[in-house]
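Residue numbers (this note's numbering), protein chains in the order written: chain X, 1 to 436; chain H, 437 to 609.
Treat the hints with caution; some may be incorrect.
Quick list of in silico lysine-lysine cross-link-like pairs, DSS-like style, CA-CA up to 25 Å [to be verified]:
id: 1; chain 1: H; residue 1: Lys457; chain 2: H; residue 2: Lys565
id: 2; chain 1: H; residue 1: Lys586; chain 2: H; residue 2: Lys598
id: 3; chain 1: H; residue 1: Lys480; chain 2: X; residue 2: Lys432
id: 4; chain 1: H; residue 1: Lys586; chain 2: H; residue 2: Lys485
id: 5; chain 1: H; residue 1: Lys457; chain 2: H; residue 2: Lys598
id: 6; chain 1: H; residue 1: Lys586; chain 2: H; residue 2: Lys440
id: 7; chain 1: H; residue 1: Lys605; chain 2: H; residue 2: Lys440
id: 8; chain 1: X; residue 1: Lys432; chain 2: H; residue 2: Lys457
id: 9; chain 1: H; residue 1: Lys586; chain 2: H; residue 2: Lys597
id: 10; chain 1: X; residue 1: Lys292; chain 2: H; residue 2: Lys480
id: 11; chain 1: X; residue 1: Lys38; chain 2: X; residue 2: Lys9
id: 12; chain 1: X; residue 1: Lys292; chain 2: H; residue 2: Lys485
Distance windows between CB atoms, simulated [as the list claims (entries may be wrong)]:
id: 13; chain 1: X; residue 1: Ala45; chain 2: H; residue 2: Ile491; range: 52 to 60 Å
id: 14; chain 1: X; residue 1: Pro426; chain 2: H; residue 2: Phe556; range: 37 to 45 Å
id: 15; chain 1: H; residue 1: Val572; chain 2: X; residue 2: Ala224; range: 44 to 52 Å
id: 16; chain 1: X; residue 1: His433; chain 2: H; residue 2: Lys605; range: 28 to 36 Å
id: 17; chain 1: H; residue 1: Ala548; chain 2: X; residue 2: Ile137; range: 51 to 59 Å
id: 18; chain 1: H; residue 1: Pro474; chain 2: X; residue 2: Leu223; range: 30 to 38 Å
id: 19; chain 1: X; residue 1: Pro426; chain 2: H; residue 2: Pro533; range: 44 to 52 Å
id: 20; chain 1: H; residue 1: Val552; chain 2: X; residue 2: Asn332; range: 51 to 59 Å
id: 21; chain 1: H; residue 1: Val552; chain 2: X; residue 2: Gly337; range: 33 to 41 Å
id: 22; chain 1: H; residue 1: Val572; chain 2: X; residue 2: Leu191; range: 55 to 63 Å
id: 23; chain 1: H; residue 1: Pro517; chain 2: X; residue 2: Tyr303; range: 45 to 53 Å
id: 24; chain 1: H; residue 1: Val572; chain 2: X; residue 2: Leu201; range: 51 to 59 Å
Some chain H residues flagged as far from chain X (calculated, every beta-carbon gap over 12 Å) [stated by the list, open to error]:
id: 25; residue: Asn447
id: 26; residue: Asp449
id: 27; residue: Val451
id: 28; residue: Lys457
id: 29; residue: Lys460
id: 30; residue: Lys485
id: 31; residue: Glu582
Hints were generated in silico from the structure; no laboratory data involved.
Each residue gets a CB set at the ideal place from its N, CA and C atoms; glycine is no exception.
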Amino acid sequence: MYTFSKKLKTFAFVLMLIGVAGIIYGFIKAPKDLAEVKANLIEQAHDGHGEHHVSAADHAVSDAHFDHHAEHVYGQLKNKPWTALYVGCIFVMLVSVGILVFHGINYAASAGWSPVLFRVMEGLSAYILPGSIIFFILLLLSVYGIGGNHLFIWADKDVVEADAIIKGKEGYLNAPFFIIRAIIFLGGWNLYRIYMRKQSLALDASGDLVYHKKMFKASAGFLAFFIVTESMASWDWIMSIDTHWYSTLFGWYVFASFFVTAITTIAFVTLYLKSKGYMDFVNTSHIHDLAKFMFGLSIFWTYLWFSQFMLQWYSNIPEEVTYFIFRIQEFNLPFFGMLVLNFVLPLLLLINTDFKRLTWIVVMAGVCIIIGHYIDFYLMIAPGTVGGSWFIGAAEIGSLLFFIGLFILVGFSEIAKAPLLAKNNPLIEESKHFHY
Amino acid sequence: MSNKVIYAIYNDDDVLLDAVKETKAAEHHIEEIYTPFPVHGLDKAMGLKPTRIAICAFLYGLVGLAFGTFMMYYIMIIDWPQDIGGKPSMSFIQNMPAFVPIMFEMTVLFSAHLMVLTFFMRSKLWPFKEAENPDVRTTDDHFLMEVALKGDEDSAIEFFKKTGAVEVKVIEK
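Please construct the entire structure, taking both the sequences and the accompanying hints into account.
Shown next as structure tokens:
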């Protein structure tokens, strides 16, 4: 039985405190009114283009343009702290959903290697409840534009009236339906997770295989429910930010991104618990299998990324390709840097069989994957909300740290509530002796 | 004496694996094992060196990637540049995303085919090659372990019977 160590608890609280400080700093730093933005823009122009003199005539012509630009930047900067919060929140929440799905897949497939890791997955997926509550509140604030939060332009009545394309999507993209969908998605996932945990503990207590069968059936059903809801959720929560743009494989793409991060997280927590001596029944073959998933899914993610990119790049249709042109122009470093972090480094680090068993290699590749996929989520969301005024600074990192801290706190408290070995699972012996 | 070998025949792969371990422990020299299908973990139990075919695969892949890159560069940029989708083929790097699938496929093609050829050459397999199986049942449902005879013949037969062999033969080679 694992006890949540004081050290780790303190670490989680420190992360959350730093995170809150970063988030608050982000909100304080956001401009209060248009005048402040204009002053900043003029200052920046003077700083950046000291040698470049604008004549008085030019100035008069560009005044109207300047006002328009300043208003635009003001909107982006007001969105910036909300974006920071939103990206961190949805990323960590979906990672815990990914852990739940991995548990579900292993259960529905009756996988023989993984039951020794089930308690880690069950524990970590406990974050879904608090995570989705916070996320749901954020969605409400965004859709109803509270606190200068305009992440979803389709939620703004004036924008919709002036835009024929968004107007055409109003039947699907409207606030009440959006909120109802979010309740169904998040509610469904939470119900499955609570049900599974209950059955799992009952199986442990009684050894009655009825519970195992119930979990097997629930998992199969959940996976079918999940792949539909996840796909729609990714349209709602991420793709609808770039309201004009669409991609038909977006659901898969988002799924690959958080799923590979979820498996990395499972590997990290397993390695941590093993190093503390709580999981001696986990051998290097289990780590090897997790690393294989990290490796394979990194390539799967790249395959989807490339499929999405290449088709739109090649066909060069204006309403599609602007999505990528904007990212390459304004987000060049993270856009290509994330490919190195999410594809090149995991590929080279994890391609060797023996390397997949070495803790430090798995940790190194895992750190690349987690940072890379955070940037991936940032790049899916921020270009549509903060545009060219983006910066990954205190607010963004703070938000990520806050949610990671909360994740550790909730996840490890739940892990500490039950024995780390699901001893009555019928496949547990096979899993213990799993050897590759 | 030294050119005599024992054929110990088994009808289960798990029994065979245990027998291999016992044989190794008794310091008999296993010359070869014939199985109808690949037995997982047999190479480790026999103490064979790990295969180096992965290194070959990687190198062949690099050759394929280089060939694919060169091929697309020659075809699309040098020899017959075209303007496809408003993207004139003037520079390799700007048109590269369109060539990635071909470069990838070339990598896989080279890696896979050359790996198979390497495997055939290393295992001395070629068309019209005579089968080396000492017993036809090893292509169906039996496993045959060929062991160099060490010491007394009767005690050796006794030993292999004990390891679970359904049949033990001594053959003059």
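Cross-check of the supplied hints:
1. H:Lys457 <-> H:Lys565: The given pair, whose Cα atoms are some 32 Å apart, is violated under the 25 Å limit.
2. H:Lys586 <-> H:Lys598: holds (16 Å)
3. H:Lys480 <-> X:Lys432: holds (20 Å)
4. H:Lys586 <-> H:Lys485: holds (24 Å)
5. H:Lys457 <-> H:Lys598: holds (13 Å)
6. H:Lys586 <-> H:Lys440: holds (9 Å)
7. H:Lys605 <-> H:Lys440: Roughly 10 Å between the alpha carbons, so the hint for lysine 605 of chain H and lysine 440 of chain H holds.
8. X:Lys432 <-> H:Lys457: holds (22 Å)
9. H:Lys586 <-> H:Lys597: Between lysine 586 of chain H and lysine 597 of chain H the Cα gap is close to 15 Å, so the pair holds against 25 Å.
10. X:Lys292 <-> H:Lys480: holds (21 Å)
11. X:Lys38 <-> X:Lys9: Given that 25 Å is the threshold and the Cα spacing comes to 45 Å, the pair is violated.
12. X:Lys292 <-> H:Lys485: Holds, because 23 Å separates the two Cα atoms, which is no more than 25 Å.
13. X:Ala45 <-> H:Ile491: 52 to 60 Å: About 57 Å separates the Cβ atoms of alanine 45 of chain X and isoleucine 491 of chain H, which means 52 to 60 Å holds.
14. X:Pro426 <-> H:Phe556: 37 to 45 Å: For proline 426 of chain X and phenylalanine 556 of chain H the Cβ distance comes to about 43 Å; the hint holds.
15. H:Val572 <-> X:Ala224: 44 to 52 Å: The hint (44 to 52 Å, Cβ to Cβ) holds, given that valine 572 of chain H and alanine 224 of chain X are roughly 49 Å apart.
16. X:His433 <-> H:Lys605: 28 to 36 Å: Given about 35 Å between the Cβ atoms, the range holds.
17. H:Ala548 <-> X:Ile137: 51 to 59 Å: holds (52 Å)
18. H:Pro474 <-> X:Leu223: 30 to 38 Å: holds (32 Å)
19. X:Pro426 <-> H:Pro533: 44 to 52 Å: Holds, since proline 426 of chain X and proline 533 of chain H (Cβ atoms, about 49 Å apart) stay within the stated range.
20. H:Val552 <-> X:Asn332: 51 to 59 Å: At roughly 42 Å between Cβ atoms, asparagine 332 of chain X and valine 552 of chain H fall outside 51 to 59 Å, so the hint is violated.
21. H:Val552 <-> X:Gly337: 33 to 41 Å: Cβ of valine 552 of chain H to Cβ of glycine 337 of chain X: about 38 Å, so the range 33 to 41 Å holds.
22. H:Val572 <-> X:Leu191: 55 to 63 Å: With Cβ atoms ~59 Å apart, the hint holds.
23. H:Pro517 <-> X:Tyr303: 45 to 53 Å: Given range 45 to 53 Å: violated, Cβ gap about 29 Å.
24. H:Val572 <-> X:Leu201: 51 to 59 Å: holds (56 Å)
25. Asn447: Its Cβ never comes within 12 Å of chain X, the nearest being 24 Å, so this holds.
26. Asp449: holds (15 Å)
27. Val451: holds (18 Å)
28. Lys457: Since the minimum Cβ distance to chain X is about 14 Å, lysine 457 of chain H lies beyond 12 Å and the statement holds.
29. Lys460: The claim stands: lysine 460 of chain H keeps its Cβ more than 12 Å from every Cβ of chain X (closest is about 18 Å).
30. Lys485: About 14 Å separates lysine 485 of chain H from the closest Cβ of chain X, which puts it past 12 Å; holds.
31. Glu582: Label holds. Min Cβ-Cβ 27 Å, cutoff 12 Å.
Checked against the numbered hints given earlier, this structure breaks hints 1, 11, 20 and 23; the rest are met.
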